[in-house]
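**Student:** Using the sequences provided together with the hints, build the complete structure.
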Amino acid sequence: DVKVTQSSRYLVKRTGEKVFLECVQDMDHENMFWYRQDPGLGLRLIYFSYDVKMKEKGDIPEGYSVSREKKERFSLILESASTNQTSMYLCASSFLARTSRTEAFFGQGTRLTVV
Amino acid sequence: ELKVEQNPLFLSMQEGKNYTIYCNYSTTSDRLYWYRQDPGKSLESLFVLLSNGAVKQEGRLMASLDTKARLSTLHITAAVHDLSATYFCAVSYGKLTFGQGTILTVHP
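Protein chains in written order, with this note's numbering: chain A, 83 to 197; chain B, 7 to 114.
No lab work stands behind these hints, which were simulated from the structure alone. Don't take every hint at face value.
Beyond 12 Å from chain A on every Cβ pair, some chain B residues (computed) [said to hold, decoys possible]:
id, residue
1, 24
2, 63
3, 70
4, 76
5, 79
6, 81
A few chain A residues facing chain B, derived, Cβ under 10 Å [unchecked claim]:
id, residue
7, 113
8, 119
9, 126
10, 176
11, 186
12, 187
13, 188
14, 189
Output of the computed footprint for chain A on chain B, the stretches with three or more beta carbons under 8 Å from beta carbons of chain A [stated by the list, open to error]:
id, region
15, 46-52
16, 104-111
A quick note: this is a predicted structure, and the numbers were derived from the prediction, not measured. Every residue gets a Cβ at the ideal spot worked out from N, C-alpha and C, and that includes glycine.
**Tutor:** Below is the structure:
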């Protein structure tokens, strides 16, 4: 079974703190994604990566950065947390689109509260 | 920019009834996905649709894809309470873009 593991289920951070959200996958997937999920807005893509050290901005990258130093690990960084970044963060991974098995597999999510 | 729109966003169904969730997208793509999310849980893959005319069925759920119309449907047959969840469609075009989700509630 594919496993995508996020480092924390719940986090509470203070405004202005630097926050690291970690994600690890064990299926040798090339693609990794970070989404945030807010009521009524669905899932919005923050950043994605299709290879080590490669990253692409998603739809809402402002206030975030990412790091992918190893294929299995993709980190989301909130440089200076703000209350409007309170949300559910979901990490996902998938194979590149050269096979039929391209669906993304999701981690359990991290519910971040910024106070 | 790729846009993915689902409707309805809220669906309240009686057990035993049939209904369809629609997913429209704005840019040509030949890969469409349906996911299910239970409250407080992460997303679970339901279907992967890879070509025009693709149809897949699992239990009471059937998904189809019309790439010319840029439309996918998720049909629910004889709904049961266990199907209550949020359903998302997602389209792959370089990146993976999701619809807003449809919150389905099945009641007796």
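**Student:** Could you run down the list of hints and mark each one as holding or not?
**Tutor:** Taking the hints in turn, this is what the structure says about them:
1. 24: holds (25 Å)
2. 63: Fine: 17 Å to the nearest Cβ keeps residue 63(B) off the interface.
3. 70: holds (17 Å)
4. 76: Given that every Cβ of chain A is farther than 12 Å from that of residue 76(B), nearest at about 18 Å, it holds.
5. 79: Given that every Cβ of chain A is farther than 12 Å from that of residue 79(B), nearest at about 18 Å, it holds.
6. 81: holds (20 Å)
7. 113: holds (8 Å)
8. 119: holds (9 Å)
9. 126: It holds, given that the least Cβ distance between residue 126(A) and chain B is near 8 Å, below 10 Å.
10. 176: The hint holds - residue 176(A) has a Cβ within 10 Å of chain B, the shortest such distance being about 7 Å.
11. 186: holds (6 Å)
12. 187: For residue 187(A), the interface hint holds, since the closest Cβ of chain B sits about 7 Å away, which is under 10 Å.
13. 188: holds (4 Å)
14. 189: Holds, about 6 Å.
15. 46-52: That given contact holds, which follows from 5 residues of the region 46-52 of chain B lying within Cβ reach (below 8 Å) of chain A.
16. 104-111: With 4 residues close enough to chain A, the hint holds.
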